[in-house]
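Peer 1: Listed below are the residues making up each chain.
2 protein chains.
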Amino acid sequence: MTGKLYGLGLGPGDPELLTLKAHRILTGAPVVAYPAPDTGPSFARQIAAPYLRADQLEVPIVVPMRVERFPAQEIYDEAAETLARHLDAGSDVAVLCEGDPFFFGSFMYLFERLSGRYETEVVPGVSSMMAAAAALGRPLAARNDVLSIVPGPLDDETMRTRIEAAGAVAIIKVGRHSARIRALIEAMGLTACAGYVERVSLPEQRVMPLSAVPESAAPYFSMILIYKGGEGWNAALSRTTMDGAS
Amino acid sequence: MTGKLYGLGLGPGDPELLTLKAHRILTGAPVVAYPAPDTGPSFARQIAAPYLRADQLEVPIVVPMRVERFPAQEIYDEAAETLARHLDAGSDVAVLCEGDPFFFGSFMYLFERLSGRYETEVVPGVSSMMAAAAALGRPLAARNDVLSIVPGPLDDETMRTRIEAAGAVAIIKVGRHSARIRALIEAMGLTACAGYVERVSLPEQRVMPLSAVPESAAPYFSMILIYKGGEGWNAALSRTTMDGAS
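Respectively, the protein sequence lines represent chains G and R.
Letter by letter, the first sequence follows residues 99 to 344 in the working numbering.
Letter by letter, the second sequence follows residues 99 to 344 in the working numbering.
It should be emphasised that the hints constitute simulated quantities derived from the structure, not laboratory data.
Among these hints, one or two may not hold up.
If chains are identical, the list can't say which one is meant, so a pair holds when it fits in one copy or spans any two.
Computed list of lysine to aspartate or glutamate pairs in EDC-like fashion (alpha-carbon distance at most 20 Å, straight line) [as the list claims (entries may be wrong)]:
{"no.": "1", "residue 1": "Lys271", "residue 2": "Glu219"}
{"no.": "2", "residue 1": "Lys326", "residue 2": "Asp136"}
{"no.": "3", "residue 1": "Lys326", "residue 2": "Asp254"}
{"no.": "4", "residue 1": "Lys326", "residue 2": "Glu156"}
{"no.": "5", "residue 1": "Lys326", "residue 2": "Glu210"}
{"no.": "6", "residue 1": "Lys102", "residue 2": "Glu114"}
{"no.": "7", "residue 1": "Lys326", "residue 2": "Asp190"}
{"no.": "8", "residue 1": "Lys102", "residue 2": "Glu217"}
{"no.": "9", "residue 1": "Lys326", "residue 2": "Glu172"}
{"no.": "10", "residue 1": "Lys102", "residue 2": "Asp190"}
{"no.": "11", "residue 1": "Lys102", "residue 2": "Glu210"}
Here the structure is a predicted model, which means the values were calculated and not measured.
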């Protein structure tokens, strides 16, 4: 009997935003794998930390931050073979995923290598996008809005056309693109209906109207939400407290 | 002391996809409100049913199915005043929301009426969109894809331009628009990278490539996911089992 592979969505950061299902599978898995940077802690492991036990085998999958300079395919080939050895030995393996495993996540690289060989289940998680809307206190999208999720590294012209075509927009992976994106939104006249969230659901969460964001670069885990016609919602936001996790 | 208002995301249907936080708040709330159709059971209540207790006061918010014929604003005005009476009496009120409260949900209508008057917290939930990708076994979106969520009632031309502009698409509220949408996707040459999911995460869940969907109308709780360049993923899907919840 080979083991079963799980991709566990852990939610945006608050350990209480794990699902009951992810919690059950996490605490029952003999082997727990997670992506980790080459230096510093693994964010996925941090989310799961309150529930991990000393008798679980932990398998960090080290993915260098500047992965474009590295042979990323080889990293996932090697990680897949490591997990395959545990699965072949009959151990279930839970791969920890920040947010949701299939929403811009790296779990797909392991899934495509292993799901044909082993029983595999993906457990969806709360996305940071939903958590950001909750923190801002305004809808992501409603009724017949088109909602577009736009990665921050896209060039200005692509981003502009996608924002123009949607009723609501979530810009993810803002990070070092922050100043450029804010300038674009300002030029489009949409600053008044844009909100900013960083490190959502963590104790160090920050929430504010986009107009209040300081000039310095945003952290990688930051997001801008635009809700057109959302000026009323944004005015409400600016009356509420601007910091602190929920 | 007035009570606190919660908007609780319950996830897509499987009661085990509640978050630990939603579970804690749900089981501690003296008053539990939920949207309900004019006839038949409330889906939100069904998700929460395993955790409800007889000593909790239940407040159905009856929203007629053909709400466009009814004065919907008055329904939410009246519901808000009902909840306000419980909040004024010092009781916390948990409003149950299918999926995520702010992802195309009706909780916004209560939030906008009550959040200025009472302490309010929105607890994000697992969206049916993430659950559908997990059930299909393929990514929603990856890397620098633009992901667009497109409501099924939109007209063909709007839908076509939004699908063309995105790397990945989730079409929600498919329901009675099913045949028209499938014809559009076929005309765009995208059927081979489209998957279909209905009643995701429930025992009666159905998952299949779009090409295998029968002619009859889809239920309201159905979704089509398009992942361009996803033909390899779709081929994998057609090799896996096509039914049964995870």
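Peer 1: For each hint, tell me whether it holds in the structure or not.
Peer 2: Verification of the supplied hints:
1. Lys271 to Glu219: Result: close neither inside a copy nor across copies, 27 Å intra and 25 Å inter.
2. Lys326 to Asp136: neither (40 Å within a copy, 32 Å between copies)
3. Lys326 to Asp254: Only inside one copy: Lys326 and Asp254 sit 19 Å apart there, 22 Å across copies, limit 20 Å.
4. Lys326 to Glu156: neither (45 Å within a copy, 35 Å between copies)
5. Lys326 to Glu210: So Lys326 and Glu210 pass the 20 Å test across copies only (16 Å; inside, 37 Å).
6. Lys102 to Glu114: between (25 Å within a copy, 19 Å between copies)
7. Lys326 to Asp190: Answer is neither: 46 Å inside a copy and 32 Å across each miss the 20 Å cutoff.
8. Lys102 to Glu217: Answer is within: at 5 Å inside a copy they meet the 20 Å cutoff, but 44 Å across does not.
9. Lys326 to Glu172: neither (43 Å within a copy, 24 Å between copies)
10. Lys102 to Asp190: Classified as within: same-chain Cα gap 5 Å, cross-chain 41 Å, threshold 20 Å.
11. Lys102 to Glu210: within (15 Å within a copy, 45 Å between copies)
Comparing the model with each numbered hint stated earlier shows that hints 1, 2, 4, 7, 9 do not hold.
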